[in-house]
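As given, the protein sequences belong to chains A and B, one line each in that order.
The numbering of the first sequence is this note's numbering, which starts it at 1 and goes up by one.
The numbering of the second sequence is this note's numbering, which starts it at 1 and goes up by one.
Take the hints with a grain of salt, since some may be wrong.
Covered by chain B, per the in silico footprint, the following chain A stretches (three or more residues, Cβ under 8 Å) [said to hold, decoys possible]:
| no. | region |
| --- | --- |
| 1 | 129–136 |
| 2 | 144–153 |
Listed below are the simulated PhoX-like cross-link pairs for lysine-lysine, each with C-alpha atoms no more than 25 Å apart in a straight line [to be verified]:
| no. | chain 1 | residue 1 | chain 2 | residue 2 |
| --- | --- | --- | --- | --- |
| 3 | B | K65 | A | K89 |
| 4 | A | K30 | B | K85 |
| 5 | B | K85 | A | K58 |
| 6 | B | K85 | A | K115 |
| 7 | A | K125 | A | K55 |
| 8 | A | K115 | A | K55 |
| 9 | A | K115 | A | K58 |
| 10 | A | K55 | B | K85 |
Because the hints were derived from the structure by calculation, they are not lab data.
Heads up, the beta-carbon is just placed ideally off N, CA and C, and yes, glycines get one too.
Okay, here's what each chain looks like letter by letter:
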Amino acid sequence: MEKSVPNRSQAKGAEEEQLLASLLQANYLKVLDYFLKLTQDLDLAKDLTQETMVKAIKNFPQYRGDAQFASWLISIGTNLYRDTLRKQKLSRRRDPAVLTGPKQPGPSVAKIDLKQALLQLPAEKRVPLILKYYYDYSYQEIATCLRIPVGTVRSRLHSAVHSLRRIMEAKLPSGEGE
Amino acid sequence: MHQNRRMRLTERDCFFSSCRVPINQEKKKNSEEEMEREIPAGLTALQEPLAQLAREPEELLADLKSPPLSFFRNLVRNTIVTGEKVTWREIFSFCLIALSFLTLIGYLLHRGYLLPVVGFFATATLLLPTAVLFADEN
């Protein structure tokens, strides 16, 4: 009887690992899509997705199931992205030649301007905008995902929309093609 | 007389505070309502540029496939195993360093170096809040 207990816990461990692996596979493209929209850089998005998966595996015992698994992954990923930006800022201070932003060749001036306009927004404003517009998250869902109050979500979203419109309007006279 | 003055002051405070709160709540409500109106309008105005921005990632994603289940199973297994190794190393290192540190403090006190030890702990106490502020959030 005593021998079966460790076997049972091993089996339970194996089942959990299987469950976690299938959850990660099911949500991989969703997370990658989110990072692509957030960073506009495929390589960075892939790296962040990978790191998010690893962090999710380490913190899986803390997942309570009160939010969707994809939202939990996005929450982890957003914090990782903020840490990445912070490290990039530090390295830029030491070496101004370090560049950030998309490295793929832009096909047109208009597209680069749009990307630059979005990337000019600070991450704390960009994230609620992307979650609201592309994923149709409610204010409460965004607040739960980012662990901030609903009022803060609303004000950051308002500020993001306002800033983006101002940036787009400022770039219009530079003659982007229509 | 002093009691009456104290009572009058508290009444005045209550009166002002009760007046102040509704006005702030109203202002807050108005600004929230304004945001509620402006956000959808702003998003509608940005519909085309944001849709254009999403096209490129969607095209890239259409060519990509999720890795196979075996990849994620290996990832989970390797992460858990590495995590366990790191935990044991951390526990062992912590015990070793803590014992060494306490032994050193005990030795210094035994030798009579009370003031330097007190000075060290006082400096650490003053500087620790600053160090904590710059700690990496995980």
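Status of each hint after checking the structure:
no., hint, result
1, 129–136, "holds (count 3)"
2, 144–153, "violated (count 1)"
3, B:K65 x A:K89, "violated, 33 Å"
4, A:K30 x B:K85, "violated, 31 Å"
5, B:K85 x A:K58, "holds, 13 Å"
6, B:K85 x A:K115, "violated, 43 Å"
7, A:K125 x A:K55, "holds, 24 Å"
8, A:K115 x A:K55, "violated, 28 Å"
9, A:K115 x A:K58, "violated, 33 Å"
10, A:K55 x B:K85, "holds, 16 Å"
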